[in-house]
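Here the protein sequences come in this chain order: A and B.
Under numbering that gives the first Met the number 0, the first residue of the first sequence carries the number 0, and numbering increases by one thereafter.
Under numbering that gives the first Met the number 0, the first residue of the second sequence carries the number 0, and numbering increases by one thereafter.
Honestly, the hints are just simulated from the structure, not real lab data.
Be aware that one or more of the hints could be misleading.
Said to hold, decoys possible - Some chain A residues close to chain B (C-beta under 10 Å, calculated; not the full set):
#: 1; residue: F70
#: 2; residue: F71
#: 3; residue: K112
#: 4; residue: G156
#: 5; residue: L189
#: 6; residue: R200
#: 7; residue: P252
Said to hold, decoys possible - Anything over 12 Å on all C-beta distances counts as not near chain A; from chain B, calculated:
#: 8; residue: V4
#: 9; residue: L10
#: 10; residue: A57
#: 11; residue: A83
#: 12; residue: T94
Glycine included, C-beta positions come from ideal geometry on N, C-alpha and C.
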Amino acid sequence: MTAPAHKAAQGKTVVRPYGDTTGDGMVQVSFTLPVPHDKRAEGAAVQLARSMGLDPALLVHAKAMGPDFTFFVVYGSVRHLVDLSSVQVVEREYPLLSAKEVNAAIRSRLRRKLVVVGACIGTDAHTVGIDAILNIKGFAGEKGLEYYRELTVVNLGAQVLVPELVERARAERADAVLVSQVVTQRDAHLHNTTAMSAAFREAYPAGRRPLLVVGGPRFDEGATAALGVDRIFGKGTTPGEVASYLVHALLPPTSRADQRKSA
Amino acid sequence: MTGDVFRGYLLDGFFNLVGAMTGQGILLVGMMTEAVVTPFLSDRDLALQNVRYVLGAAGGLTEDFHPPRDGFIQTRARQVLSEAVELLERICADTSADTPLLAAIADGTFGLMRRPADAGKGLDGVAERAPGYVNPAIDLLEEGATR
Numbered sequence: 000m001t002a003p004a005h006k007a008a009q010g011k012t013v014v015r016p017y018g019d020t021t022g023d024g025m026v027q028v029s030f031t032l033p034v035p036h037d038k039r040a041e042g043a044a045v046q047l048a049r050s051m052g053l054d055p056a057l058l059v060h061a062k063a064m065g066p067d068f069t070f071f072v073v074y075g076s077v078r079h080l081v082d083l084s085s086v087q088v089v090e091r092e093y094p095l096l097s098a099k100e101v102n103a104a105i106r107s108r109l110r111r112k113l114v115v116v117g118a119c120i121g122t123d124a125h126t127v128g129i130d131a132i133l134n135i136k137g138f139a140g141e142k143g144l145e146y147y148r149e150l151t152v153v154n155l156g157a158q159v160l161v162p163e164l165v166e167r168a169r170a171e172r173a174d175a176v177l178v179s180q181v182v183t184q185r186d187a188h189l190h191n192t193t194a195m196s197a198a199f200r201e202a203y204p205a206g207r208r209p210l211l212v213v214g215g216p217r218f219d220e221g222a223t224a225a226l227g228v229d230r231i232f233g234k235g236t237t238p239g240e241v242a243s244y245l246v247h248a249l250l251p252p253t254s255r256a257d258q259r260k261s262a
Numbered sequence: 000m001t002g003d004v005f006r007g008y009l010l011d012g013f014f015n016l017v018g019a020m021t022g023q024g025i026l027l028v029g030m031m032t033e034a035v036v037t038p039f040l041s042d043r044d045l046a047l048q049n050v051r052y053v054l055g056a057a058g059g060l061t062e063d064f065h066p067p068r069d070g071f072i073q074t075r076a077r078q079v080l081s082e083a084v085e086l087l088e089r090i091c092a093d094t095s096a097d098t099p100l101l102a103a104i105a106d107g108t109f110g111l112m113r114r115p116a117d118a119g120k121g122l123d124g125v126a127e128r129a130p131g132y133v134n135p136a137i138d139l140l141e142e143g144a145t146r
């Protein structure tokens, strides 16, 4: 799943941030410290920036936010480098299919409709993610999964409790469960996801649970094992990518293609 | 809001400007990290600074702001208003449900957000106020405090 960064970038393998000249390493950061605004607070901000690898660190803005907090903006040259040849990313390991191809694949290889149950779990009320993938209106000019004739989509909406989701997935005989998490306060997205995957593990016999897919802007796409899910989709994922993944992960391999290969 | 917080801050400023020019009594304050992360304390402070700056710099424009008759703004306002009235009339005329407004809310008619009457947490999601309940924000709002 992991692969070295794209070949095209390999001419220049070590890079550093670009401010206004090559190699200057300039970055900007902003943060808040829980201290009143005074000389010591500003010193603390510079010290923090230095620990973050900014040297020299230039404190360009400091402003009190109420009596107990101070907001800082710091510019500086960062010491760290990135070696592009050692960058690990999750590459898509399946072909991107059109809606027509997805429907055809399900019709010929599954011979029934593929059932998808989707929800936002926990207290998260942001349905923007799950709707972008499921809703017929879709996202980025691509229609959502409801538009796919061979998919049965049940969108439970927001603030769905995990037991409700499990029960519904079972009642609908879901092949896949899609969960969206936007709110990240106190790592809620991670806690909710692990609670969800644990509940599915408990409710289904081993190897029989539906495919678990989570999506959200703040997930690490490589953390599937840690979260107990099959796939994580990050920011900017389109319905077509999700549908293609479902075909790749859920459908038995096509016998016709095998025959063609052996012929 | 996208992850481009700089663009988001400008967009929020534009919304604040429209609120100021049209003399709104209540401004819904946008934050640049809304739906990116849970907004930081600093994002909330910056959002309020944005409002104060715009109200201070352009709040007086409301008395001069008269969109021309049948211009872009008036035409658009009329269209949105008439579509809203049509939608409500259509909901009122819906005889398939006992409570057509609740049925419309359940179907996701508003903002595509489906809220079925038999889903959600119902009374389980509501807590009764204990004796001696204090919410400083409500107290301030009720006495009409401004800041």
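Close enough to count: is the Cβ of A/F70 nearer than 10 Å to one in chain B? holds (5 Å)
Cut-off 10 Å, beta-carbon criterion: hint that A/F71 touches chain B: At 9 Å from the nearest chain B Cβ, A/F71 passes the 10 Å test, so the hint holds.
Verify this label for me: B/A83 is non-interface relative to chain A, using a Cβ-Cβ cutoff of 12 Å. At about 20 Å from chain A, B/A83 clears the 12 Å cut-off, so the statement holds.
Per the CB criterion, is A/K112 less than 10 Å away from chain B? violated (21 Å)
Is the interface hint satisfied for A/G156? The criterion is a beta-carbon contact with chain B at less than 10 Å. holds (5 Å)
May I ask you to check that B/L10 keeps its beta-carbon over 12 Å from the closest beta-carbon of chain A? holds (16 Å)
Against chain A, does B/T94 keep a CB gap of more than 12 Å to every residue? Label holds. Min Cβ-Cβ 26 Å, cutoff 12 Å.
Interface hint for A/R200, Cβ within 10 Å of any Cβ on chain B: violated (25 Å)
Non-interface claim for B/A57 versus chain A (Cβ beyond 12 Å): holds (22 Å)
Tell me if the interface restraint on A/P252 is satisfied: Cβ within less than 10 Å of some Cβ in chain B. At about 37 Å, which exceeds the 10 Å cut-off, the nearest Cβ of chain B leaves the hint on A/P252 violated.
At 12 Å, judged by beta carbons, does B/V4 keep clear of chain A as stated? The claim is violated: B/V4 sits with its nearest Cβ about 10 Å from chain A, within 12 Å.
Quick one, is the A/L189 hint okay against chain B at 10 Å, beta carbons? Given a least distance of 13 Å, the restraint on A/L189 is violated.
The structure fails hints 3, 5, 6, 7, 8 (numbered hints given earlier, in ascending order).
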